[in-house]
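Novice: Using the hints provided, position chain D relative to the given structure of chain F.
Protein chains in written order, with my numbering: chain F, 21 to 135; chain D, 849 to 958.
Hint data in this document are derived by calculation from the structure and do not stem from the laboratory. Note that beta-carbon positions come from the ideal geometry of N, C-alpha and C, so glycine has one too. Possibly wrong hints are sitting among the right ones.
As the list claims (entries may be wrong) - DSS-like cross-link-like pairs, simulated, lysine-lysine; straight-line CA separation at most 25 Å: (1) F/LYS62 - F/LYS90; (2) F/LYS22 - F/LYS90; (3) F/LYS22 - F/LYS87; (4) D/LYS861 - F/LYS22; (5) F/LYS87 - D/LYS861; (6) F/LYS90 - F/LYS76.
What the hints assert, rightly or not - Ranges of calculated distance between the beta carbons of each label pair, as one might list FRET restraints: (7) D/LYS905 - F/ILE134: 24 to 30 Å; (8) D/GLN892 - F/ARG61: 25 to 31 Å; (9) F/SER73 - D/ASN925: 39 to 45 Å; (10) D/LEU931 - F/SER46: 18 to 24 Å; (11) D/ARG911 - F/SER60: 24 to 30 Å; (12) D/THR853 - F/HIS115: 25 to 31 Å; (13) D/PRO909 - F/ILE134: 16 to 22 Å; (14) D/LEU943 - F/GLY74: 21 to 27 Å.
Unchecked claim - Partial pick of chain D residues on the chain F-facing surface, computed with a CB cut under 7 Å: (15) GLY876; (16) GLY910; (17) GLU946; (18) GLN951.
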Amino acid sequence: QKEVEQDPGPLSVPEGAIVSLNCTYSNSAFQYFMWYRQYSRKGPELLMYTYSSGNKEDGRFTAQVDKSSKYISLFIRDSQPSDSATYLCAMSAFHSGAGSYQLTFGKGTKLSVIP
Amino acid sequence: KAGVTQTPRYLIKTRGQQVTLSCSPISGHRSVSWYQQTPGQGLQFLFEYFSETQRNKGNFPGRFSGRQFSNSRSEMNVSTLELGDSALYLCASSLNSEAFFGQGTRLTVV
Numbered sequence: 021q022k023e024v025e026q027d028p029g030p031l032s033v034p035e036g037a038i039v040s041l042n043c044t045y046s047n048s049a050f051q052y053f054m055w056y057r058q059y060s061r062k063g064p065e066l067l068m069y070t071y072s073s074g075n076k077e078d079g080r081f082t083a084q085v086d087k088s089s090k091y092i093s094l095f096i097r098d099s100q101p102s103d104s105a106t107y108l109c110a111m112s113a114f115h116s117g118a119g120s121y122q123l124t125f126g127k128g129t130k131l132s133v134i135p
Numbered sequence: 849k850a851g852v853t854q855t856p857r858y859l860i861k862t863r864g865q866q867v868t869l870s871c872s873p874i875s876g877h878r879s880v881s882w883y884q885q886t887p888g889q890g891l892q893f894l895f896e897y898f899s900e901t902q903r904n905k906g907n908f909p910g911r912f913s914g915r916q917f918s919n920s921r922s923e924m925n926v927s928t929l930e931l932g933d934s935a936l937y938l939c940a941s942s943l944n945s946e947a948f949f950g951q952g953t954r955l956t957v958v
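Looking at chain F on its own, in the form it has when it is part of the complex:
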């Protein structure tokens, strides 16, 4: 079982729809949870960052973490064509041997928002 599972899609939705993207994980040592957006031929851009169970909202984006179920979600309201990108979930755990946090990524979900 992979540490982080993410449905690769592709996911295609009409403009204005609510988008739900999800990841599950198996490692209970993960402490921080992130969502990155990656446009074609670009590097990943940090979209949302959270460390506690519950919801965090930023504009049209809401990140949700459920540590008991080992499940995180990203919701996009009123989706726009400019939201078309690959969305990567990422989680970090502290490695005491290295003295640093290490990120583990999902494989990404490709989203297309159709005008």
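Specialist: For chain D alone, coordinates are given in the frame of chain F:
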């Protein structure tokens, strides 16, 4: 505030050659990590440098190496290139647990 800068953006190399990629982190960030991104495997961790020392390493062969300079800039080197090394190589700089990525270097091995 300038972001993470990676050079070059694109590279084409021949099997057996070696390549060096460069990364300048965000000012004040001392941790630099390198990742390989391929369609099949996604983002995979290569190694992390902090204050010129490698403090974490992923599961890649010894052909992949890196270093960090006193100004926190980092380079990664791949020797004896193989076709399977074709990928987007991403550098991320971190202050704490958040990582900020550069645009990547697209390496094609022919």
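Novice: Would you mind marking each hint as holding or not holding in the structure?
Specialist: Now for the hints, and whether the structure bears them out:
A threshold of 25 Å between alpha carbons decides the hint, and for F/LYS62 with F/LYS90 the separation of about 29 Å lies outside it, so the pair is violated. About 13 Å separates the Cα atoms of F/LYS22 and F/LYS90, which keeps this hinted pair within 25 Å; it holds. Of the pairs offered as hints, the one joining F/LYS22 and F/LYS87 holds, with about 17 Å between alpha carbons and a cut-off of 25 Å not exceeded. Taken as a hint, the D/LYS861 and F/LYS22 pair is broken in the structure, with Cα atoms around 32 Å apart against an allowance of 25 Å.
Between the alpha carbons of F/LYS87 and D/LYS861 the distance comes to roughly 44 Å, so the proposed pair goes past 25 Å and is violated. Between the alpha carbons of F/LYS90 and F/LYS76 the distance comes to roughly 17 Å, so the proposed pair stays at or under 25 Å and holds. A hinted range of 24 to 30 Å is violated for the C-beta pair D/LYS905 and F/ILE134, which are about 43 Å apart. Here the CB-CB span from D/GLN892 to F/ARG61 is close to 19 Å, at odds with the stated 25 to 31 Å.
At roughly 42 Å, the beta-carbon separation of F/SER73 and D/ASN925 lies within the given 39 to 45 Å, and the hint holds. Taken as a hint, the range 18 to 24 Å is violated for the pair D/LEU931 and F/SER46, whose Cβ atoms sit roughly 32 Å apart. For D/ARG911 paired with F/SER60, a C-beta distance near 28 Å keeps the hint of 24 to 30 Å intact. In this structure the supplied range 25 to 31 Å holds for D/THR853 paired with F/HIS115, their Cβ-Cβ distance being about 27 Å.
Between D/PRO909 and F/ILE134 the CB atoms are about 43 Å apart, so this pair departs from the stated range of 16 to 22 Å. Between D/LEU943 and F/GLY74 the C-beta distance comes to about 24 Å, which sits within the given range of 21 to 27 Å. A cut of 7 Å between beta carbons decides the hint on D/GLY876: the least distance to chain F is about 16 Å, and the hint is violated. Checking D/GLY910 against chain F: minimum C-beta separation of about 19 Å lies over 7 Å; hint violated.
A distance limit of 7 Å between C-beta atoms decides the matter here; for D/GLU946 the minimum to chain F is near 6 Å, and the interface restraint holds. For the restraint placing D/GLN951 at the interface with chain F, the shortest Cβ-Cβ distance is roughly 5 Å, inside the 7 Å limit, so the hint holds.
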